[in-house]
Amino acid sequence: MAAVNHEVEHLIEIRNIGKDYQSGDEMVPAIRQMDFAIDDGEFVTIMGHSGSGKSTLLSVLGGLNHPSRGKVFIDSLDLYDLSSEQRADFRSEYIGIIFQSFQLITYLTVLENVILPMAITGLKRKEKEQMAMDVLLKVGLASKADRLPDQLSGGEQERVAIARAIVNQPPILLADEPTGNLDSETASEVMELLTRLNREEGLTIIMVTHNPEISVYSNRTIRVQDGTCLEH
Amino acid sequence: MKLYNISINNLKRRKGKMIFLVLGLLIGIAVIVTMLSITESMTLDIEERLDRFGANIVMVPKSENLALTYGGVNVGGISYEVKEFDEADLARIREIKDNRNLGAVAPKIMGAVEVSGRKVLLMGVDLEMELPLKTWWHLQGRSPENDSEVILGSEAARALGLDVGDSLNMNGRDFMVSAHLEPTGGPEDSIIIGDLHRVQNILGKEGRISMVEIAAFCRDCPIDEMVLQIAGQFPDAKVTALKQAVMSKMQSIELVKTFSYGIAALVIFIGSLLVFVSMMGSVNERTREIGIFRAIGFRRGHVMQIILLEAIVVGFIGGVGGFVSGTGLARIILPLVIPDSSSSGINMSMGAVAVALAVALSLLASIWPAHKGSRLDPSEALRAL
Numbered sequence: 001m002a003a004v005n006h007e008v009e010h011l012i013e014i015r016n017i018g019k020d021y022q023s024g025d026e027m028v029p030a031i032r033q034m035d036f037a038i039d040d041g042e043f044v045t046i047m048g049h050s051g052s053g054k055s056t057l058l059s060v061l062g063g064l065n066h067p068s069r070g071k072v073f074i075d076s077l078d079l080y081d082l083s084s085e086q087r088a089d090f091r092s093e094y095i096g097i098i099f100q101s102f103q104l105i106t107y108l109t110v111l112e113n114v115i116l117p118m119a120i121t122g123l124k125r126k127e128k129e130q131m132a133m134d135v136l137l138k139v140g141l142a143s144k145a146d147r148l149p150d151q152l153s154g155g156e157q158e159r160v161a162i163a164r165a166i167v168n169q170p171p172i173l174l175a176d177e178p179t180g181n182l183d184s185e186t187a188s189e190v191m192e193l194l195t196r197l198n199r200e201e202g203l204t205i206i207m208v209t210h211n212p213e214i215s216v217y218s219n220r221t222i223r224v225q226d227g228t229c230l231e232h
Numbered sequence: 233m234k235l236y237n238i239s240i241n242n243l244k245r246r247k248g249k250m251i252f253l254v255l256g257l258l259i260g261i262a263v264i265v266t267m268l269s270i271t272e273s274m275t276l277d278i279e280e281r282l283d284r285f286g287a288n289i290v291m292v293p294k295s296e297n298l299a300l301t302y303g304g305v306n307v308g309g310i311s312y313e314v315k316e317f318d319e320a321d322l323a324r325i326r327e328i329k330d331n332r333n334l335g336a337v338a339p340k341i342m343g344a345v346e347v348s349g350r351k352v353l354l355m356g357v358d359l360e361m362e363l364p365l366k367t368w369w370h371l372q373g374r375s376p377e378n379d380s381e382v383i384l385g386s387e388a389a390r391a392l393g394l395d396v397g398d399s400l401n402m403n404g405r406d407f408m409v410s411a412h413l414e415p416t417g418g419p420e421d422s423i424i425i426g427d428l429h430r431v432q433n434i435l436g437k438e439g440r441i442s443m444v445e446i447a448a449f450c451r452d453c454p455i456d457e458m459v460l461q462i463a464g465q466f467p468d469a470k471v472t473a474l475k476q477a478v479m480s481k482m483q484s485i486e487l488v489k490t491f492s493y494g495i496a497a498l499v500i501f502i503g504s505l506l507v508f509v510s511m512m513g514s515v516n517e518r519t520r521e522i523g524i525f526r527a528i529g530f531r532r533g534h535v536m537q538i539i540l541l542e543a544i545v546v547g548f549i550g551g552v553g554g555f556v557s558g559t560g561l562a563r564i565i566l567p568l569v570i571p572d573s574s575s576s577g578i579n580m581s582m583g584a585v586a587v588a589l590a591v592a593l594s595l596l597a598s599i600w601p602a603h604k605g606s607r608l609d610p611s612e613a614l615r616a617l
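Protein chains in written order, with this note's numbering: chain A, 1 to 232; chain B, 233 to 617.
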């Protein structure tokens with residue numbers, strides 16, 4: 001992989017990024033200008049109203065969305081200096097993503113959904129199954145490994161999504177509105193699980209939400225509005 | 233779990249779609265297999281009939297004289313200095329290199345006899361060899377049962393005023409007419425046909441043969457080569473291939489083949505269009521899913537592999553199913569097209585080609601959809617969430 005910058009001090013550094021979208025003849029900025037850093041082991045909430053640019057920011061951090069300007073460094077690596085395929089490999093190794101509304105593959109069982117990120121690794125079948133079962137145990141779903149996603153409750157599906165995001169043991173977890181589709185009780189269960197992963201496993205978590213109630217679980221909140229960071 | 237598990241699970245889940253796709257390919261391949269099986273059997277049947285039962289090589293003694301006939305009018309009067317073969321030598325015909333391509337060998341003796349004061353050409357033949365060769369001979373009456381029974385050409389019967397069951401005297405021997413030939417428009421209309429050895433005997437030509445008609449099985453047989461081989465065995469013979477007959481039957485077979493291939497090409501085209509449209513639709517439906525795959529670290533190649541693996545599975549099932557049902561269908565249709573045809577066994581090489589064709593088709597039609605799927609921008613795909 002190319003583009004290692006040794007002057008980068010933090011695990012994640014966002015340097016003057018901007019992202020514009022074409023809307024008709026006009027270019028509309030989703031991110032005007034953002035600049036911040038996140039350290040290893042932090043649990044950061046990115047909070048803002050819908051349309052504030054927070055989800056775009058998350059996809060830029062995940063290597064899924066090329067910014068129009070600026071640079072993203074993760075572990076000293078200039079993310080967008082890599083080719084699309086290199087970024088895919090990078091995601092596979094470094095980043096776990098929890099999407100809005102779970103995004104499980106409906107025709108795969110819980111166990112298979114969790115194994116999915118390992119399908120492209122050279123691990124043996126037994127090893128993959130063992131790793132997936134370990135993670136399912138961690139999120140409390142080992143007994144439902146053979147179920148299909150639509151046979152699970154919303155909270156359980158969210159936990160499968162978390163299991164899938166962390167099974168490759170990435171150092172960074174990105175979560176997009178992880179409690180968006182859950183009732184408040186289930187939401188706090190899920191948040192406790194994420195907090196535990198952050199504290200016990202040292203996982204760096206960056207979570208996007210518009211809900212101030214769940215931002216209390218994190219160590220730090222970055223507020224975004226109209227494509228800029230208000231405080232961080 | 234590997235990538236193929238994803239493909240197979242997806243196909244299992246989208247059963248309706250898969251059945252539709254498999255059926256499309258299956259019907260296409262079945263039509264092709266049925267048509268080709270029938271064409272193949274027809275080719276064999278036509279060739280077998282024509283080859284086994286129609287002479288395509290004629291062997292006559294070499295003569296320095298030029299033929300004195302044109303358009304059926306003979307101005308030469310009676311042939312003189314007629315050369316003949318020795319019957320015992322005919323066994324040499326079967327000693328040629330390509331002898332397994334030989335069918336019937338039908339020797340004949342010819343000579344003029346006088347019946348009721350008229351000169352008639354008498355031809356002695358080996359009836360067992362001759363009758364199957366002359367499929368255009370239709371007897372009114374019955375085949376001769378012994379060597380004192382003869383068949384009369386229609387013109388000869390009329391001229392001599394002889395009916396079936398009548399007797400006639402040739403060179404002092406009595407014969408009975410067992411059948412008339414229906415008019416053929418050929419030279420046999422005006423002759424009398426009798427048993428080879430009996431005719432040799434009354435003509436005083438024991439052991440002599442005037443000409444030999446030979447049928448060669450001609451499925452790609454080197455007919456020119458065989459003519460040369462026979463000529464090599466009989467330096468005094470003039471051996472001729474009736475090329476026209478061979479060419480025209482080949483032409484009719486080629487016509488049937490061309491027609492079948494045309495239909496097959498059309499079916500293949502429609503089949504691939506079907507796969508293409510379904511696969512394209514499937515990729516569009518799965519935008520979100522592909523976005524997830526890409527987001528969790530799948531490379532473009534992995535996404536392509538998943539889609540192409542599905543195409544291979546669909547192609548394989550469609551190919552096997554198409555071959556089996558096509559072969560079955562051919563067996564049902566074949567007896568209707570060719571009565572009393574012997575059903576050929578299962579053509580494994582055609583099976584292999586059918587399966588390979590179905591897989592190749594399915595793959596080819598899926599390359600663009602797979603490529604398109606793999607190029608989906610993961611952030612765009614996920615924005616559809």
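Because the hints were derived from the structure by calculation, they are not lab data. Keep in mind that a hint or two might mislead.
Here are some, though not all, of the chain B residues that point toward chain A, as calculated from beta-carbon distances under 10 Å [unchecked claim]:
no.	residue
1	Met233
2	Lys234
3	Leu235
4	Arg245
5	Arg324
6	Arg326
7	Asn333
8	Ala336
9	Gly529
10	Arg531
11	Pro610
12	Ser611
Looking from chain A toward chain B, a few residues come up when the C-beta cut is under 10 Å (computed) [as the list claims (entries may be wrong)]:
no.	residue
13	Gln33
14	Glu85
15	Ala88
16	Asp89
17	Leu104
18	Ile105
19	Leu111
20	Leu116
21	Pro171
Ideal Cβ positions, reconstructed from N, Cα and C, are used throughout, including at glycine.
Tested hints:
| no. | hint | result |
| --- | --- | --- |
| 1 | Met233 | 4 Å, holds |
| 2 | Lys234 | 6 Å, holds |
| 3 | Leu235 | 6 Å, holds |
| 4 | Arg245 | 3 Å, holds |
| 5 | Arg324 | 72 Å, violated |
| 6 | Arg326 | 66 Å, violated |
| 7 | Asn333 | 58 Å, violated |
| 8 | Ala336 | 66 Å, violated |
| 9 | Gly529 | 3 Å, holds |
| 10 | Arg531 | 5 Å, holds |
| 11 | Pro610 | 5 Å, holds |
| 12 | Ser611 | 4 Å, holds |
| 13 | Gln33 | 20 Å, violated |
| 14 | Glu85 | 5 Å, holds |
| 15 | Ala88 | 5 Å, holds |
| 16 | Asp89 | 7 Å, holds |
| 17 | Leu104 | 9 Å, holds |
| 18 | Ile105 | 6 Å, holds |
| 19 | Leu111 | 8 Å, holds |
| 20 | Leu116 | 6 Å, holds |
| 21 | Pro171 | 14 Å, violated |
Comparing the model with each numbered hint stated earlier shows that hints 5, 6, 7, 8, 13, 21 do not hold.
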